[in-house]
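A.B. asks: With chain A fixed as given, assemble chains B and C onto it according to the hints.
Residue numbers (the working numbering), protein chains in the order written: chain A, 4 to 296; chain B, 102 to 453; chain C, 365 to 499.
Careful: at least some of the hints might be erroneous.
[Stated by the list, open to error] Output of the computed footprint for chain C on chain A, the stretches with three or more beta carbons under 8 Å from beta carbons of chain C:
hint, segment
1, 177-188
2, 223-232
3, 255-268
[To be verified] Calculated lysine-lysine pairs in the DSSO-like style (CA-CA distance at most 27 Å, straight line):
hint, chain 1, residue 1, chain 2, residue 2
4, B, K232, A, K19
5, B, K188, B, K119
6, B, K364, C, K480
7, B, K188, B, K392
8, A, K71, C, K480
[Claimed, not checked] One side only, chain A facing chain C, incomplete, derived with CB under 7 Å:
hint, residue
9, G127
10, L285
11, F288
FYI, nobody ran anything at the bench for these hints, they're computed from the structure. Here the structure is a predicted model, which means the values were calculated and not measured. Backbone N, C-alpha and C define an ideal beta-carbon position, used for all residues, glycine too.
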Amino acid sequence: MIEQIRATAREILQNKTVDLVIGYEVGTRGATRPAFICSADEVDRLIWNDACTHNLTNYVRGKRVPPKRDAPPARLGLVLKACDARALNVLLRENQVPRGDLYLIGVVCEGMRQDAGFATRTLGDLQPRCQTCTERVPVVYDSLIGERKTSEVFETSEVWQELDRLGVMTPGERQAFWDAEFARCLRCYACRQVCPACYCVECTAEQLDPEWVGIGICTPEKRFFHTMRAYHLAGRCVGCDECARVCPIGVRLDLLNAWFRREVQQTFDYQAGIDATTLVPLATFKPNENLEL
Amino acid sequence: MNFITHVQLQDWLARMMKDRTVIAPTRAIEDLVRYQPVNSPDAIAFDFTRTAISPKEFFLPASEAILTIERVRQIAAGSNNPEWNVKLGEPELDRSQVLFAIRPCDTHALLALDALLLQEPVDAYYARRRKQTTLIGLACEHPGATCFCTSLSFAPDDSNGMDVMLYPVEGGYALEAQTEKGQVLTDNLALAPYRGERPQKTWLPAEFSVPPRVVWTQLFNDPHWGRLADRCLSCKICAYVCPTCRCFDVRDYIVAQGLGYQKIERLRCWDSCMAEGYQRIAGGHNPRPTKAQRLRNRFYCKFDYYPADFGALACVGCGRCIEYCPVNVDITEVLQSVAIKGETLATNSTRL
Amino acid sequence: MAETTFEPRVVGFLCNWCSYAGANLAGTSRIQYAPNIRIIRVPCSGRVDPLFVVKAFQEGADGVLVLGCHPGDCHYRDGNYYARRRYNLMHGFLDFLGVDARRLKIDWVSAAEGKKFAQVVSDFTQQVRELGPNP
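So here's chain A without its partners, still in its complex pose:
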């Protein structure tokens, strides 16, 4: 598969279909990291393994900015897993990038391991999001590499089980749980920065006029920030769980977004990014629907 990825990248760079290919490479101390390949003779840096956890769609908007001011925006080649491809559909639906400027190298993914993407860490078991993934094949691509193997799809994972466990607690117990989580948070904003759907030029959390939330790194501010971010992602989060991976303190952001994903699926029968045309549930309505309030 690595050879195919490299060959495709080489081809699209040589025939100038794209100006840049974003994929994965080997970093230092055993880490896998995002790679930015701008010429065909660098494609041998590209790899593929079970530590390619990063959601490369996150870099799309940033890398479109051309190196010279009056040049046209860069055309990009992207190596995409199934979840990343759905994230790209979210961007396409929101008109953030024209499809014609992208060449998508879809890769069939058998799942990524925990602690991937960090220096010196030993890879763990399959990540919870991968354990329950029923897709494996990206929904949008220009080239598809790899074949779907019949690997096991878990019924449930620690994330859904934890959601159930929280669901049967009293509101007071849940508040204590979340307060402990938010108290640890440093407001480093890594979760927001790594998320492909969080692309606002000025984040609500940093707006000074109106000031939604102050600059304090205190529990009330952090509670507001995470509530707000999860809500702004409702129906747009694809469940890559990169936010939870990057958090240095291990705040359970995957649970916050999983809650919305489950509700949106159950109430509106909608999963983010399945295609690039359907409106997000919160951007539309049905006049006669009967929703519990």
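C.D. replies: Chains B and C alone, transformed into the frame defined by chain A:
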């Protein structure tokens, strides 16, 4: 130098906890050791190389009300005119602090911060905490996976800056009080003298050396910074886990308001030059709008500007940034590639 | 020793065209209702960003009411449809975060329903009073 057994250590800490806040490493969630105030010696974790987050949060808190203004409107006896009674407050520690088991790298970081913050004009809030905190250092026994203090000419058993220093030995620790503050804590300890050589560890050879300032100056416009920054997320993880990063944001907030009453806090909070909006000034201009400029600034601040201005490296080799960066921006990789480029430049220039 | 009963602080977001007019009608009809509510008039329930509700709880509200036109009767045609979807999700999310679901109520009150307005406010205030102060 004296010898303290494990049991004697627990007793000593327990006695300290009666009238001081003892901050020690504890296991917060799995695999995450952090310095936190503890109420019992049992809560202390000893099996760690260095903590996840640096202890700078006890000297430069993540959020601190550096000034509190309380205004109450009163009418003085015998007068018809209301006046505002203003009370100003600054953060005070209600008890003195002991930071137990601080590693040599983290103490080096405090010494580096002292070079800036204890110099005129003194940062009063940092200075107060620094003065009221006694540092009990613990020499390292083995290197962490990302440690590189020796490459910066520091040592894992360096007692520089510690008030009391502990070296792990058979059956306990070799203990030495080095300052008056340290002696205050150790005065009432009945300890046997330590009969042995001063413990020394030489287990982490220096792998590289820090390129001199002139190399950094020459490489300022090198395209390497842009390529490095491609994958950078502009989050603030590296700055927040770092023991020497100290940049902040300040803003005033009305925290309570009523009829004839107002309480205002001036909040100082961590911020980082990595954030896109950090340097944006009134009017909207941003001197460092690109990721490349910001990431470059991080390394230049540590290895060029800070040493030039304050005489100390703003990096101590703890390796936390390497461990927690989600996209593998590795400071040792940067240092080594700057060194290699520096050599190429030197070779090329001698050919002239 | 006198016992101080807890009086809840209730914030109400009322849409200008229906629920606020309904509140006016309650007033002109001299219908009594719990005075704890602090009303914020908005043009439409669709304007009520769920984050306003979060902020209200953050700033000390013990209960929050969001009242709008009946679905189908929105002055702006479809604002309340969006509100309905948003609050369907947000109500559950706040409960998930530990804010008791009974502290937030979304309802539809038309300009002619002065009595209903008073009833909704009084019932809700009593419910919040029983729940106690927001932790």
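A.B. asks: Determine for every hint whether it applies to the structure shown.
C.D. replies: For each hint, the structure was consulted:
Three residues within the 8 Å Cβ limit are the bar, and the segment 177-188 of chain A against chain C gives 6, so the coverage statement holds. Only residues whose beta carbon comes within less than 8 Å of a beta carbon in chain C count, and the segment 223-232 of chain A has 5; three or more means the coverage holds. Taking a C-beta to C-beta cut-off of 8 Å, the segment 255-268 of chain A contributes 4 residues in contact with chain C, enough for the three needed, and the coverage statement holds. Straight-line distance between C-alpha atoms of K232(B) and K19(A) comes to about 63 Å, which puts the hinted pair past the 27 Å bound.
At most 27 Å may separate the alpha-carbon atoms for a hinted pair to count; K188(B) and K119(B) exceed this at roughly 32 Å. The suggested pairing of K364(B) with K480(C) is violated, with an alpha-carbon distance near 40 Å, which exceeds 27 Å. For the suggested pair K188(B) and K392(B), the alpha carbons sit about 44 Å apart, so the restraint of at most 27 Å is broken. The hinted pair formed by K71(A) and K480(C) fails the criterion: a straight-line CA distance of about 63 Å is larger than 27 Å.
Annotation: G127(A) was flagged as interfacial toward chain C, and the flag is violated, the nearest CB pair being 27 Å apart, outside 7 Å. The interface hint given for L285(A) holds, since its Cβ lies 6 Å from the closest Cβ of chain C, which is under the 7 Å cut-off. Interface hint at F288(A): satisfied, since its Cβ lies 4 Å from the closest Cβ of chain C, which is below the 7 Å cut-off.
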